[in-house]
Amino acid sequence: MGGMYRRVVDSDLWFSFSRSPTVVVATAVTTIMMMAALFAPLIAPQDPFDLTSLSILDAHIPPAWMAADDHRFLLGSDDQGRDVLSAILYGARISIGVGFASIALALVLGVSLGLLAGYIGGRLDALIMRTAEIQLSFPTILIALLLNGVMRSILPAESQDQLAIPVLIVAIGISGWVQYARTVRGTTLVEKNKEYVQAARLIGIHPVMIMLRHILPNTMGPVLVIATIHLAVAIITEATLSFLGVGVPPTEPSLGTLIRIGNDFLFSGEWWITMFPGAALAILVLAVNLLGDWLRDAFNPKLR
Amino acid sequence: MALLEVDRLRVEFPTRRRALVAVDDVSLAIEAGEVLGVVGESGAGKSVTGAAIIGLIEPPGRMAGGEIRFDGRRIDHLSDEEKRRIRGNEIGSVFQDPLTSLNPLFTVGQQLVETILAHSDRSADDARRHALRLLEDVGIPAAAHRIDSYPHEFSGGMRQRVVIALAVCAGPRLIIADEPTTALDVSIQAQIIALLKRLCRDQGTAIMLITHDMGVIAETADRVAVMYAGRIVEVGRVRQILRAPAHPYTTGLMDAIPRLGRDDADLAQIDGAMPRLHEIPEGCAFHSRCPHAFDLCRRRRPVLQATGDAAAACFLIDQERSDD
Amino acid sequence: MLAFILKRLLQSLLVMFFVALIAFSMFQFVGDPVHQMVGIETTLEEREELREALGLNDPILVQFSRFVLDAVTFDFGISYQHKKPVADMILSRMPATLELAIFSALLALALGIPMGVYTGLRRNTLLAHVLMTVSLAGVSLPTFLIGILLIFVFAVMLGWLPSFGRGEVIDLGWWSTGLLTVAGLKALILPSITLGLFQMTLIMRLVRSEMLEVLRTDFIKFARARGLPEHVVNFRHALKNALIPVITVTGLQLGSIIAFAIITETVFQWPGMGLLFLQSIQTVDIPIMSAYLILIAFVVVAINLVVDVLYYVIDPRLRATRSADSGA
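First to last, the protein sequences are chains G, Y and V.
Residues 1 to 304, numbered by this note's numbering, are exactly what the first sequence covers, in order.
Residues 1 to 324, numbered by this note's numbering, are exactly what the second sequence covers, in order.
Residues 1 to 328, numbered by this note's numbering, are exactly what the third sequence covers, in order.
Treat the hints with care, as some may be off.
[Unchecked claim] Here are the computed lysine-lysine pairs in the DSSO-like style, where the Cα-Cα straight-line distance is at most 30 Å: (1) Y/Lys197 - V/Lys221; (2) V/Lys240 - V/Lys7; (3) Y/Lys83 - V/Lys7; (4) Y/Lys83 - V/Lys221; (5) V/Lys240 - V/Lys221; (6) Y/Lys83 - Y/Lys197.
Don't read these hints as lab results, they were simulated from the structure.
One chain only, chain G, in its complex shape (with noise of 0.2 Å):
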């Protein structure tokens, strides 16, 4: 237990991880706001899907510290009486698990197909490579959105609600699996050649066990740091799409929903209805991009 508290304190990634005050502090509110995700329906002060509970008398009630009497709501009320301070638990839920979703699935693809292109190599590896790069010459966004668009089209108008989650999660999904593809491909064809993976071959492992047991597991630092960069770009995505209106429905809002929400009471002054929201992702975003920065930084100290 000492020994390893000591190789931990002793490696260069706690030192440089214990020497950067913003990383730990990057660290520290990605967590906390992780926690209070998973943790909404314990500690919010109100369900702010349960119907019953809001009453529209409530509405349009300013945060605590600047209302006259009422002092229920911490960061003020929207326009149907719903807490912004439970709404945005309950959104930063349903964000950080979309954007993990995506994620998941991007890796996984990504993965998978850049394995496939680095082993089997040949027209297989070019027609994943092209793929790649025709996409990867098009913003993220706008695949996202594009893929979102024709799924929903084909969907039934009855069941789009429901299915919005998973449909805006493959679409994110589908529009990140490049950035991974290429690293894994990279590494893959460095290991591939390499004197143990001959070795397995030559004894007859199946390929699949060679890609999985002994190329995969060189390919996740690099694909770690992505992934992480990754989850911040999945947030800002699936927010986007949600403030255009074509994410998540208003039923269930995610952060981005209940920004599109309150826009609409900007200008009649009532700002907390969409600042909260808004600062609460752009913190959540800040320091995931700061803990993906260092992490990239402290894998690859040449990038620096």
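Position chains Y and V against the provided structure of chain G, taking the given hints into account.
Same frame as chain G, now just chains Y and V:
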């Protein structure tokens, strides 16, 4: 008075735990028109010494002690602008790799002209005429035509000629040539050395020739300083040191020179590697690789002491004297 | 040189072919176009006539060739929703988007490059640290949030600038411009900052890292050793080398800017192509979606091509063969 005097120079590179000493208590002098060879393995502190003289130590490295005097005037504590005026103008430089020393986006003429203009009041036309003369001088064929070519259109040897033209274009009195032939084909190396020597003899320019190749020193230098782990271990006239090296490390370096009429199998390598900066041992830094090391070498660090025309930092000298 | 351009041209055509294929297949995915175009009271015979008239009974290859030929002649069919030619709709909205995009790109370049140079050269100063931290915020903040924030401060609280629309526009032939009126220019400020901020931080960070990279090279050290003045080393030698990759990225970002205009145009109700595209997604107006896709692809591919050629012109190393010909 010598043209260049380096006095007890110390260069440190601060790191996470402590400062690494790259150059430790190095003193040397170069007379006008003289060729001083500085020889040693990579990491011995030769290049850092050169960089310190022109005031361009890579940050975070810094000069932590000593003085550098040029023409009797102290230059290490001058302002950045004053140091810049000395660089190129008084002290020229030739770097190791001609492929990377020139900016790929400018023609060799542009790079020569800007350097000439930085150090003189010539007109642009005059500077270009001077540049052309220099290119002819360093042996670029069809110089009038090649002056508007980009660096990548020259071969490695031709590029090093351009680099030398850049080093001498403002008429410096000293040139610091840091491994000027290491990156070149063996067949080109001798030509470049001959060119450097000719230019300097014509102009009376002194050269500080930094190299790891004792053979180049033997052919070129008047005096030589041997560096090991940041210190000078032996310094003196080349002829004497070649004939009778006093330091076991110098002996080792000379055994590594291939000679005609000797079987290559006899080429001796020094066992082991030079200690890295953060693990320089107590006592003489060479003791772990020295065939003659004894007790004292592991405890105390020897200082330079005269041996005729040269000086060496080795306890063996005391021993031999007491044996006499 | 010519061979190089031809090769790139061929690759671009290939990309456009694939994009056309995707745009075409969107029609196939989404049910029967006839269904989208007619009312409920239309009889089966009338539908069949329309189907025949639209060529929907032809073999799929024939339909695809017709689609490509139409697209090449800027004919993207009729909008399901608006019953108007898509090409006309896009054309009328193009000036708004292009003015916004170009203005934003200029803003991003004009501020991003100097800031990148500064943070690269003086990277340990307080201002450099502040700029780097703020730039990370610029990368992290979603575009729409920046827009909302700007609207809140400058339109709602201060009331200085309009929060939506293009202000007053003047028609110059088919091009309607907001650049010639005060109201038009004022309306352009907030949207172009919103759209340009992300690119600006991107360019700043890129220029900074390229400067740091170049400043480490031997030829910069040698330039210093030659006694060149600091400003010549930094701005003539280092900057020129650092800007080469910046050209590529900035070129590629132009496509991005046009795509991100979708978001900015939504926030500011800017009547451009992006807003049209977003509305077409919401109403599943496939002709507009596919036309927009093809157009954006064309812009991206064209810019890529220009950037490649530009690269060739700027970097003498790539011109090696041509110079050798003339130099022999």
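Tell me the hint numbers this structure goes against, listed in increasing order. Hint 3 alone not satisfied by this model.
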